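Under the numbering used here, the first residue of the sequence shown is numbered 15, with each subsequent residue one higher.
Read the hints as simulated data drawn from the structure, not as lab findings. Errors might be hidden in some of the hints.
Label-pair distances were calculated between CB atoms; the ranges are [claimed, not checked]:
#1 Val-112 x Asp-53: 13 to 23 angstroms
#2 Val-51 x Leu-71: 11 to 21 angstroms
#3 Gly-88 x Asn-41: 20 to 30 angstroms
#4 Asp-53 x Met-92: 29 to 39 angstroms
#5 Asp-53 x Glu-95: 36 to 46 angstroms
#6 Ala-76 x Leu-54: 18 to 28 angstroms
#7 Met-92 x Thr-59: 13 to 23 angstroms
#8 Cys-109 x Gly-64: 15 to 25 angstroms
#9 Lys-82 x Thr-33: 11 to 21 angstroms
#10 Ser-42 x Cys-81: 13 to 23 angstroms
#11 Asp-94 x Asp-53: 34 to 44 angstroms
#12 Lys-50 x Glu-95: 30 to 40 angstroms
#13 Lys-108 x Asn-87: 16 to 26 angstroms
#14 His-86 x Lys-108: 13 to 23 angstroms
Cut-off 20 angstroms, straight-line C-alpha distance, at most; resulting in silico cross-link-like pairs (EDC-like, lysine to aspartate or glutamate) [stated by the list, open to error]:
#15 Lys-82 x Asp-101
#16 Lys-32 x Asp-101
#17 Lys-108 x Asp-53
#18 Lys-105 x Glu-69
#19 Lys-46 x Glu-56
#20 Lys-82 x Glu-69
#21 Lys-82 x Glu-95
#22 Lys-32 x Asp-53
#23 Lys-116 x Asp-101
#24 Lys-116 x Glu-95
#25 Lys-50 x Glu-95
#26 Lys-82 x Glu-56
#27 Lys-82 x Asp-94
#28 Lys-46 x Glu-69
#29 Lys-46 x Asp-98
These numbers come from a predicted model, not from an experiment. For every residue, glycine included, the Cβ atom is placed at its ideal position computed from N, Cα and C.
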Amino acid sequence: MQSKVKKLHFTLKGLIMKTVFTSHGHNSVTIKYLDKVFDLIENRTFIRRGHYVIELLGFNGAERQLCKGLQHNGVTLMCDESIDLIDIIRKEYKCFSVSQSKFNV
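Start from the sequences and build out the full structure, keeping to the hints where you can.
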């Protein structure tokens, strides 16, 4: 199994991928992007619960409150009900991708 992971890692090295934002209604968004630090394709799903943005982690129902820059620590990410969640996630993804580019080797 480990060799498959290594093979996947090397085939993704240098890949340029467009980030895809998918809205599942007003309160749910999924993004798919290439993680520039680990050269892995990531899928992340976010939901709005009240004024808070929550990230769903895996298939076991685990979740974490989201902070600015799509991080799990720092300033809590708040979202007004009148704004589409996808607009907030796009804005925060820009900050996230800038922080990831600092790790690019």
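TODO: Could you tell me which of the hints above the structure violates, numbers in ascending order?
DONE: The structure conflicts with hints 23, 24 and 25, although it agrees with all the remaining ones.
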